[in-house]
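**Student:** Below are the chains, spelled out letter by letter.
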Amino acid sequence: MSNLVLRIEDITMQFGGVIAVDNLSLEINKNEIVSLIGPNGAGKTTAFNVVTGVYAPTNGAVYFKDKVITSNFPKGQMKKLYAGANKDKYTSTVKNTPDMITKLGMARTFQNIRLFKELTAFENVLIAKHMRAKANFLSASLRINHKEEKAMHEDTLKLLDILGLTDVKDEVAHSLPYGQQRHLEIARALATSPELLLLDEPAAGMNPQETDELAAFIYDLRKKFDLTIFVIEHHMDLVMDISDRIYVLDFGKLIATGTPQEIQNNQRVIDAYLGVPEDGE
Amino acid sequence: MKKSRKVIASVLLALLILALFMFLDANKARYGMAYTVLQKGIIMAVVAVSMNLVTGFTGLFSLGQAGFMAIGAYVTAIFMIPAEHIQDVYYISGISPAILEFKLWLESLPSWVQAISPYFTLLLGGLVAALCAALIGIPVLRLKSDYLAIATLGFSEIVRAIISSPQMDTITNGSYGLKKIPGFSSMVQTGIIAAVCIAFMVLLLQSTYGRAFKAIREDETAAEAMGINLFKHKQLSFIIGSFFSAVAGGMLAMFMRSIDSKTFSITLTYDILLIVVIGGIGSATGSIISAILVTLSKEWWLRFFDNPLSIGGFKVPLFRTGFRMVIFSIILLVVVLFYQRGIMGKNEFSWERVGNRMKGLKDMIGSKKGGAKDV
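One line per chain: the protein sequences are A and B, in this order.
Per my numbering, the very first residue in the first sequence carries number 993; after that it's consecutive.
Per my numbering, the very first residue in the second sequence carries number 2; after that it's consecutive.
One chain only, chain A, in its complex shape:
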């Protein structure tokens, strides 16, 4: 088996006349931490949503562990509107809904935390275990599956313990402090037993010290859960700290890729982030 976990091929996402992601290709190997960075509105989250099945791309394909999970080509009205490349390369349509993709072993967090607000931390994580439960509604109601249920509870407690959330397990999610909500969201994603974890701006709204802790935390996660991690991030410190490789997106286009050092010295990236002086000095 190849080492490749995720491969995005020629993804274009076009909303009407707006091209949010333009012909993006990238690869992520096993146990890597790869970051996707770019200024606001560069199309990072859109790319994420295509990978996780929220959007069907206008053109292109996504492979997870060598298996195609999303594939599309411009058709209908889009065919006339479509301005991107590789127009005729893809001819088959594969569409997996987000829940199917999660089942395959890809879990995500959200940019603006999306916990089950009125449920406890424990329930939040426990719900993510539902997908792997074998019981049907009858056997679950009549408690024929009590062994499985017990195992789910134990696994959840274990996971909360690893992520340091045991003390707050009976607290309602929306009453938790911000940092713990972030942790809880990661715990919930991990409860689906993923191979690839997608973090959408995990450091949003954190101060420098919390960001440092987060970096260590993400490193730790990879080791403990044998994960491959794909991060979208704004915080340069965090990205440079944790990434094995970085992809830079600007206006939907990939403008650079490489190790943190290479990216730091890349003129196009610096221009994209700091802007180019108008008189070209």
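By construction, these hints were calculated from the structure, which means they are not laboratory data.
The beta carbon of each residue, even a glycine, is placed where N, CA and C say it ideally should be.
One should not assume that every hint holds.
[Stated by the list, open to error] Residues of chain A placed beyond 10 Å of chain B at every Cβ, according to the derived structure:
no., residue
1, Leu996
2, Thr1044
3, Met1070
4, Ala1075
5, Lys1150
6, Gly1171
7, Leu1213
8, Asp1229
9, Phe1243
10, Ile1262
[Unchecked claim] Covered by chain A, according to a simulated footprint, are these stretches of chain B (three or more residues, beta-carbon under 8 Å):
no., stretch
11, 195 to 205
12, 210 to 216
13, 219 to 231
[To be verified] Below 25 Å or equal to it, Euclidean Cα-Cα: the simulated PhoX-like pairs (lysine-lysine) are:
no., chain 1, residue 1, chain 2, residue 2
14, B, Lys7, B, Lys360
15, A, Lys1109, B, Lys145
16, A, Lys1142, B, Lys4
17, B, Lys4, A, Lys1139
18, B, Lys3, B, Lys360
19, A, Lys1161, B, Lys347
20, A, Lys1142, A, Lys1126
21, B, Lys29, A, Lys1139
22, A, Lys1161, B, Lys7
23, B, Lys233, A, Lys1087
24, A, Lys1059, A, Lys1072
25, B, Lys233, A, Lys1095
26, B, Lys363, B, Lys4
27, B, Lys181, B, Lys29
28, A, Lys1126, B, Lys233
29, A, Lys1087, A, Lys1109
30, B, Lys7, A, Lys1142
31, A, Lys1095, A, Lys1139
32, B, Lys145, A, Lys1087
33, A, Lys1161, B, Lys3
34, A, Lys1142, B, Lys3
35, B, Lys233, A, Lys1109
36, B, Lys347, A, Lys1109
37, B, Lys4, A, Lys1161
38, B, Lys360, A, Lys1139
With chain A's structure known, arrange chain B on it following the hints.
**Tutor:** Chain B alone, transformed into the frame defined by chain A:
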């Protein structure tokens, strides 16, 4: 509270309720009003919990309850009316020969079959409604909130229109309705059927599927990202909710002894919605408590306001037929204004909460005594 004590308390409560039912059964003549109203309350509790399952726990604002109840009620009624009364009931256009033959065959079966046939009929009504729910769920469950409410409301009216249409005369007796439906043999029987239905729904809600329903209510996008198939789970909740609504509809037919399509108009759905809102959207025990309270006060306790009242020769105005509904509406307004989340909110009844309340009361009394000493 310890687990063993909780079990003992629950068993005691169940026995107490059973004893009350048996007492009412034995003294039916003396407590006729209590008997009837409580029986209706129990039936409403089943529908209210089933509506709460769909609306409160899964977050699907469905207003189709009356339609599903009608399906259950008509299936139950058609199967249960004894063959000897058939000609009296279908006196206008007669009954379809196939149904009559089936009934005669059913009645020729041994007596133990007769004994279980009411339960079987209720189950059958539920299954028919579940099938309908599965079919209309496919297009309708793609809609969200208000749109879903309107679509299900429409479905409920369609069911009513079909039942009362002249083309259905030989099956549902059209707009003349059905009567002479055999009733419940006892309060205990009503109670046990209701208890089994409610227990199943509560167990489902506490299982991993119930948690998935709640996840969908809280955040669909997140639920889907956690691997929960939205459509499958919404469909499941909708089907099970409709199944139990239909069972309750069958029970209502047995309770009322005679039904027609107007029994299942939109107002019935509103009555149930009211019970769910007062009890707390997302609380099964809240729905049960509120179903009993609302039915009791609407049908019985507030009757007082319907009769003319004179104090010392002075005739109090306003006290006349229909005034009770005014009082009832005022109480509703007050409840909704001051208990916005209903009696129970999203909480369930638990002995721990009762224990805490008791303790709080004790402390309050204790502190008052302490305060008195200081003075």
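**Student:** Given the hint that Lys29/B pairs with Lys1139/A, test it: the Cα-Cα distance must not exceed 25 Å.
**Tutor:** violated (46 Å)
**Student:** Would the least Cβ to Cβ distance between Lys1150/A and chain B come out above 10 Å?
**Tutor:** holds (17 Å)
**Student:** Quick one: work out the minimum CB distance from Thr1044/A to chain B and report holds if it exceeds 10 Å, violated otherwise.
**Tutor:** violated (7 Å)
**Student:** Does Lys363/B pair with Lys4/B here, judged by a C-alpha cut-off of 25 Å?
**Tutor:** holds (22 Å)
**Student:** Within 25 Å, alpha carbon to alpha carbon, are Lys1109/A and Lys145/B?
**Tutor:** The given pair, whose Cα atoms are some 20 Å apart, holds under the 25 Å limit.
**Student:** Hint check: Lys1095/A vs Lys1139/A, CA-CA at most 25 Å. Holds or violated?
**Tutor:** holds (22 Å)
**Student:** Would you assess whether Phe1243/A, listed as outside the interface, keeps its beta-carbon beyond 10 Å of every beta-carbon in chain B?
**Tutor:** holds (26 Å)
**Student:** Please work out if Lys360/B and Lys1139/A have their alpha carbons no farther apart than 25 Å.
**Tutor:** violated (36 Å)
**Student:** Verify the proposed pairing of Lys7/B with Lys360/B, using a straight-line Cα cut of 25 Å.
**Tutor:** Holds: Lys7/B and Lys360/B sit about 16 Å apart, inside 25 Å.
**Student:** Determine whether the non-interface label on Ala1075/A survives the test: each CB of chain B must be over 10 Å from its CB.
**Tutor:** holds (29 Å)
**Student:** Is Lys1161/A within 25 Å of Lys7/B, Cα to Cα?
**Tutor:** holds (23 Å)
**Student:** Beyond 10 Å from chain B, beta-carbon-wise, is Leu1213/A?
**Tutor:** holds (18 Å)
When held up to the earlier numbered hints, the structure conflicts with 2, 21, 24, 29 and 38 and fits the remainder.
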